[in-house]
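S.K.: Chains as they are written, first to last, in our numbering: chain A, 7 to 160; chain B, 7 to 160.
Careful: at least some of the hints might be erroneous.
Said to hold, decoys possible - Derived lysine to aspartate or glutamate pairs resembling EDC-like cross-links, with alpha carbons at most 20 Å apart:
no., chain 1, residue 1, chain 2, residue 2
1, B, K138, A, D35
2, A, K58, B, D35
3, B, K133, A, D112
4, B, K133, B, D87
5, A, K138, B, E60
6, A, K133, B, E60
7, B, K138, A, E60
8, B, K138, A, D72
9, A, K138, B, D112
10, A, K138, B, D72
11, A, K58, A, D76
Said to hold, decoys possible - Listed next, with one range per pair, are the computed distances between beta-carbon atoms:
no., chain 1, residue 1, chain 2, residue 2, range
12, A, A71, B, R120, 34 to 42 Å
13, A, R131, B, G47, 28 to 36 Å
14, A, L101, B, P19, 54 to 62 Å
15, A, P95, B, D123, 35 to 43 Å
Please keep in mind that the hints were generated in silico from the structure rather than gathered at the bench. On a predicted model such as this, the values are computed, not experimentally measured, just so you know. Ideal Cβ placement from N, Cα and C applies to all residues, glycine included.
There are 2 protein chains.
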Amino acid sequence: MTDTASETNLLQPGQLIARGVCRLLASHDFWCLEEFVPARGLRMDVMAIGPKGELWCVECKSSRADFMSDTKWQGYLDYCDRFFWAVDPEFPVDLLPAQSGLILADAWGGEILRYPDVSRLAGARRKAMTLKLARDTARRLQALRDPAGPSALL
Amino acid sequence: MTDTASETNLLQPGQLIARGVCRLLASHDFWCLEEFVPARGLRMDVMAIGPKGELWCVECKSSRADFMSDTKWQGYLDYCDRFFWAVDPEFPVDLLPAQSGLILADAWGGEILRYPDVSRLAGARRKAMTLKLARDTARRLQALRDPAGPSALL
Numbered sequence: 007m008t009d010t011a012s013e014t015n016l017l018q019p020g021q022l023i024a025r026g027v028c029r030l031l032a033s034h035d036f037w038c039l040e041e042f043v044p045a046r047g048l049r050m051d052v053m054a055i056g057p058k059g060e061l062w063c064v065e066c067k068s069s070r071a072d073f074m075s076d077t078k079w080q081g082y083l084d085y086c087d088r089f090f091w092a093v094d095p096e097f098p099v100d101l102l103p104a105q106s107g108l109i110l111a112d113a114w115g116g117e118i119l120r121y122p123d124v125s126r127l128a129g130a131r132r133k134a135m136t137l138k139l140a141r142d143t144a145r146r147l148q149a150l151r152d153p154a155g156p157s158a159l160l
Numbered sequence: 007m008t009d010t011a012s013e014t015n016l017l018q019p020g021q022l023i024a025r026g027v028c029r030l031l032a033s034h035d036f037w038c039l040e041e042f043v044p045a046r047g048l049r050m051d052v053m054a055i056g057p058k059g060e061l062w063c064v065e066c067k068s069s070r071a072d073f074m075s076d077t078k079w080q081g082y083l084d085y086c087d088r089f090f091w092a093v094d095p096e097f098p099v100d101l102l103p104a105q106s107g108l109i110l111a112d113a114w115g116g117e118i119l120r121y122p123d124v125s126r127l128a129g130a131r132r133k134a135m136t137l138k139l140a141r142d143t144a145r146r147l148q149a150l151r152d153p154a155g156p157s158a159l160l
């Protein structure tokens, strides 16, 4: 196991859930970018893209307070085909809107408990989001692979 | 400088050129994935995606022999809007097809010497390539960020 305690200690509670979500979604052949910005002022915890270009947004909540203070999540609905909450097993899930998807997750993985209905993006929005996801992900990858290069300075 | 000699020593000559190409293209707001597989049996050294979704393929050649033994490059033309060769300054550039683009590069950066004509991809192909680029890049990023996760096992 390379899952050291020191590694998980560096992450915030919401980031630990996000890591588990990314592992879970990978097993569904959905690939993720964390902290994706679909439009100015919005920052999704996780955006995932599926084999047919499906775009799923997952917001990770580590506590009741974390959820109650989120005033932006409805804005994300316009930028994804499905919207999920991801919470740890202690979270009071009755707080969450029943029409949203629901994932239980911790730092090591998770499970999809409820699928939301699909609200398919229009073609132009999907195209723009897929392009932005491709470019943002490539920039992020380049910054990690070549930390002395220009992408790491952005 | 974090560009240590030990870092560059780990890369093959073609990979060093590719690193410089990625730095160069980043300065043009094109973001890259190395060793992109557009279709079975094809592996581009660098695929780059621009702000309007432009797809540029760059093949990196470190020597005459490296170029002469490449039997696949014409297959890449069907998967990009522009095709470039990237070579180091010692390369005999007269060998290269005049209609291709030309980049001079080393491990630290480069310069675009010649733009090829644009041969725009059809919409369906562009859509498929952009989706594959987004997903492959996200999978690669996840493997780097979370080496204990499932993506690192692929």
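S.K.: To test your reading of the hints: which numbers does this structure violate?
M.R.: 2, 3, 8, 9, 10, 11, 12 and 15
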